[in-house]
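Assemble the complex: chain A is given as a structure, and chain B must be docked to it using the hints.
Protein chains in written order, with numbering that gives the first Met the number 0: chain A, 0 to 181; chain B, 0 to 154.
Note that these hints are calculated values from the structure, not bench results. Predicted model, so just to flag it, every value in this text is computed and none were measured. All residues carry an ideal CB built from backbone N, CA and C; glycine is no exception.
Facing chain A, a subset of chain B residues (Cβ under 8 Å, in silico):
hint, residue
1, P18
2, F30
3, A44
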Amino acid sequence: MLDAFSRAVVSADAKGAPIGSEDLSKLRKYVSDANKRIDATLAITQNVSCIAADAVAGIVCENTGLTQPGGHCYPTRRMAACLRDGEIILRYVSYALLAGDPSVLQDRCLNGLKETYLALGVPLSNAIRAVEIMKIATVAIMTETNTGRKMFKGINSGSGSECQDIAAEAASYFDLVIEALR
Amino acid sequence: MKSAVTTVVSSADAAGRFPSISDFESVKGSFDRASSRLEAAEKLAGCIDQFTNEAVDFVYRDNSYEQSNKDKCVRDIHHYLRLINYCLVTGGTGPLDEWGIAGMREIIRIQLLPTAAYIEAFIFLRDSSKISDMMTQQAAAEFKGLLDYLINALA
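So here's chain A without its partners, still in its complex pose (with noise of 0.2 Å):
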């Protein structure tokens, strides 16, 4: 597993070169904006259950056959493997968000994820959308432009319109889910 850093030294040892000025310009951004980021992530572990249960909730609403008998979210037990499925997925990016680094998210769970899928007849299709609404509800939350309450308290002074790259960073994460499930 990498982070922003040792992604540096891995890419640097590939040259057999030290890690100079210009690198080292990207990682003290990857530094000064650590409570943004840090926010972020709060972003997300705090409303984790929330959406998850609406990615969930909206993929049964656009294909309502999904509960009915012969359903691939019916009965309640699928629904439910199905929940903890966006959690789990969520938790990785937010593993990746923090490190700053995609590596943890590929190693631990998207490898095989497809193939697992297929092998279960989860249908990707329904998964990639349950995961696309994820990744807008996201970024929303983290840029405080969801409609309604402010969703998240950070701990730091950085949130809501400064987050705005760090948002764009979650989602290019999103993608990498989507793309593996393609």
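Positioned in the frame of chain A, the structure of chain B alone reads:
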């Protein structure tokens, strides 16, 4: 590769939980120290050739070691300084441990390398006044700490 953040994420993942407030605190703590580490890494990257040459010239100033091995010594010292640069960036000893120290004893024994020469070079660098002149005290302390770590591993 071990660093403050990956350690936190690994243990959270092993327990299957989301990153907690105490995890954030420890990540934050490592970021607070990061600026002096990165400063030391930057200065070292800028002077890595100069540091290497000065240290090797010091070791080879008299004829106590084979002069013909000097260029190999330059290569090795440069390599270790590069790993120290990586350690300064990650904030842990991971790169030195994984790429510099693991297996080192075996190689040194088989090749009959004079480790004393390396140690002499790194002690020269550690005690050189240049380091304190060119970087802040905190950054110099981080750099010297890693030099000490390497000296102990070689000894």
